[in-house]
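Residue strings, one per chain:
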Amino acid sequence: MNDSFNIHANTNGDDNFDVLVRRRLHELADHAPSFVRQVDEIVVAPAHDGRRSPRRRTAGIGATIAALVGAVGITTVALNGAGSGGAGTPNEAVLLFVEAVEREDLLGMIDVVDPAEVPALRAAVQDGSSEAKRVQLLGDGFDLSGVDGVDVAVADLTLETEQFSNGVAVVTASGGVITTAFDPASFPYGEQLSELSGSSAPSTSVTDLGQGNSDVFLATVQRDGRWFVSIGYTIAEYARRAADVELPSGDIAAGPGFDSPEAAVSAFYRSLAAFDFDAAVATAAPGEGDALIAYAPLWLPAAGDLSTSIHDDGYQFAVTDIGFQSTGGDDRRTLEATSFVIDGSVPAFDEAVPATPGGQALHIVRGDGCTTWSGPGAARFISPDGSSGLGADFTPVGDDQWRSCDASPLGVAAVVLPLVGGGLTELPAIVTVNVDGRWYVSPLGTVATSIVDVLRDIPDGASLFDTPLGSIVYGASRDVLEAVYVGQSYVGFAPGCEALFQIDSTGTITAVVDDPTVALVRECGSTLVSFGGSSSGEGSAPAPTAEVSTDPAASTLPVDPQVATTVAD
Amino acid sequence: MNSAMTGALPPVGDTAWSGSEAAYAASYRDLLRVAYVLTGSAAVAEDVVHDVFCRVGPRIATLDNPAAYLRVAVVNQCRSLHRRFARASRLPVGVDTTMGAGLDTGLTEFSDALQSLPTRQRTAVVLRYLCDLSDDDIAGILDCRTATVRSLVHRGLAALRTQIPRNS
Chain A
1 MNDSFNIHAN
11 TNGDDNFDVL
21 VRRRLHELAD
31 HAPSFVRQVD
41 EIVVAPAHDG
51 RRSPRRRTAG
61 IGATIAALVG
71 AVGITTVALN
81 GAGSGGAGTP
91 NEAVLLFVEA
101 VEREDLLGMI
111 DVVDPAEVPA
121 LRAAVQDGSS
131 EAKRVQLLGD
141 GFDLSGVDGV
151 DVAVADLTLE
161 TEQFSNGVAV
171 VTASGGVITT
181 AFDPASFPYG
191 EQLSELSGSS
201 APSTSVTDLG
211 QGNSDVFLAT
221 VQRDGRWFVS
231 IGYTIAEYAR
241 RAADVELPSG
251 DIAAGPGFDS
261 PEAAVSAFYR
271 SLAAFDFDAA
281 VATAAPGEGD
291 ALIAYAPLWL
301 PAAGDLSTSI
311 HDDGYQFAVT
321 DIGFQSTGGD
331 DRRTLEATSF
341 VIDGSVPAFD
351 EAVPATPGGQ
361 ALHIVRGDGC
371 TTWSGPGAAR
381 FISPDGSSGL
391 GADFTPVGDD
401 QWRSCDASPL
411 GVAAVVLPLV
421 GGGLTELPAI
431 VTVNVDGRWY
441 VSPLGTVATS
451 IVDVLRDIPD
461 GASLFDTPLG
471 SIVYGASRDV
481 LEAVYVGQSY
491 VGFAPGCEAL
501 FQIDSTGTIT
511 AVVDDPTVAL
521 VRECGSTLVS
531 FGGSSSGEGS
541 APAPTAEVST
551 DPAASTLPVD
561 PQVATTVAD
Chain B
570 MNSAMTGALP
580 PVGDTAWSGS
590 EAAYAASYRD
600 LLRVAYVLTG
610 SAAVAEDVVH
620 DVFCRVGPRI
630 ATLDNPAAYL
640 RVAVVNQCRS
650 LHRRFARASR
660 LPVGVDTTMG
670 AGLDTGLTEF
680 SDALQSLPTR
690 QRTAVVLRYL
700 CDLSDDDIAG
710 ILDCRTATVR
720 SLVHRGLAAL
730 RTQIPRNS
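Chains as they are written, first to last, in my numbering: chain A, 1 to 569; chain B, 570 to 737.
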């Protein structure tokens, strides 16, 4: 490529191209119409009534949550006066919540959600909705204040309340019937999923709460004498019951906070790198992080044991020299680590366990959008050609030194620094919140932001099939299908599946076609189970490569065609 | 509560619009330049600006920074229009003869290249180099992170670079 047109050249002013763009834009704008129409020449069309037209009832558990958090996004002003919301009892709070869902009364729903949790969700919901529309997962008609195509009704609800000593109460539905209806023709799918609209008949499911084996409940929390539904406590309580452990006791003691968002996030990163989970929990914001703090005694001892074990094995890490980029407002800020240094050591590959203390040195440096791993310990995770086990592509740049300018494929999982290798190229963004003049980590906000980041990383116009979301939406992403089938003979697929692949004259699959339909991928993904069954002879596919088992999406594909043969026969 | 807040705009000329006309006149030209570059159509640009004006209504006079507010509204309206056009496969690129009128070859090629960019990339480039907004301000308008803005601008420039003849 001609140097003058090298797209990797600096675009921030070191060459003349941005000067050219600036000049051309102004020249172009100079050709805008010069005639200024007077105000009274403008026809003001009759404005529509501000009230929304009647919508179908919102619902489904997922839709309810979406509507809930959506309402969080649009009604924060109402929530600022938290003391006026809530209910007199936990039962009443849940009843108000359910009744609001049935009425599609979003203000009513919000009025009974813990106000400490609302700000954490608000930005993520707004961003998530916006990003889902941008990537055309959802259509512009998707409205967080009312989801078309979903309808829920709750009848004969019977509630039982279990009140704990720390101002938390769990309200369990011991009886009642939830009827959920879904009409795909009315659901506002985005362009990427438009083929799903009307692809199946409307469906209705009925759940008898009195007949299930597992409890259906919402946790509530008391704030200033009023009761609110708490998302954090609800999640924590579900986790506690799943683990079948006793309820923790004792008061909630939040940490002292930090002078700045940067100090809070630095402490969070450092504590995780040092396996100091107590210290990590102590960075959580009071109020929003109450559930995390209150339930921490359930898992901190085990985490401490794990920490000790990891140290004994020879893993040591420390994060220093963290540089941040900060965005947000006065009370909530999102911090991205633009630079950092991780020094540590890992046990050698071939040493007996436990490894020699000190192990092999590992040095990770992030800066200028790229990350460099170096030291003998780096070879523990990255092969000489730069491939790593967790998805990041590295380029060898020296002896025991590799560099990657890719985004981390691990997302929030990369928080647990010691437990990931090779894939860590950046640290996840952390949301911070100011509480009474001190800065803390926002746990709900951070998790929610990390989820939205999955959408945010999808380029404009990209097919979801070509992104990690392909595994969810299509049942398999392009990467997975190509890793498994490119180079294999096209044998044993169901009729019509040839449309999914590019096949050369020898019958070998050379690529997956651009923009396949969801139906085609899903249909052929499911028929792939019989792939080995009819191809036991010449041309049959070999066993899948190792990459298959490393990708969660591989669960939609046959793990072993030979095993599938047995099943199919 | 004025009538605009209840959804029914008063007729232009009503006293409720007092002060709004001046704000409109002061911002009109700049808004039209932005809309014209973003949409590639003089007619669409005019419609966008007028539509925004009508939507904001008499509240224009009460805004702290009407120029900035209206610019955000225009940018959002352009993005919304582009999405609708894209869905209907009738993107206004190349269909508006007014865009090419009076443009020299180089500017026409630049305009075509600009209109071929994805909406967010084009918007980020225009806000950066035409409106001279900071990355933070652009991030606020595009509802994304500052880092995303840099990425959008970088990718937008890279795409333009591949399309614009060297002698431009």
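Among these hints, one or two may not hold up.
As the list claims (entries may be wrong) - Cβ-to-Cβ under 7 Å is the rule here; a few derived chain B residues that face chain A: (1) 602; (2) 605; (3) 699; (4) 702; (5) 709; (6) 710; (7) 730.
The set of hints was computed from the structure by calculation and includes no laboratory data.
Think of the CB as a built atom: it goes at the ideal place given N, C-alpha and C, for glycine as much as any other residue.
Going through the hints against the structure:
1. 602: holds, 4 Å
2. 605: This hint holds: residue 605 of chain B lies near chain A, its Cβ roughly 4 Å from the closest one there, short of 7 Å.
3. 699: holds, 4 Å
4. 702: violated, 13 Å
5. 709: violated, 9 Å
6. 710: violated, 12 Å
7. 730: holds, 6 Å
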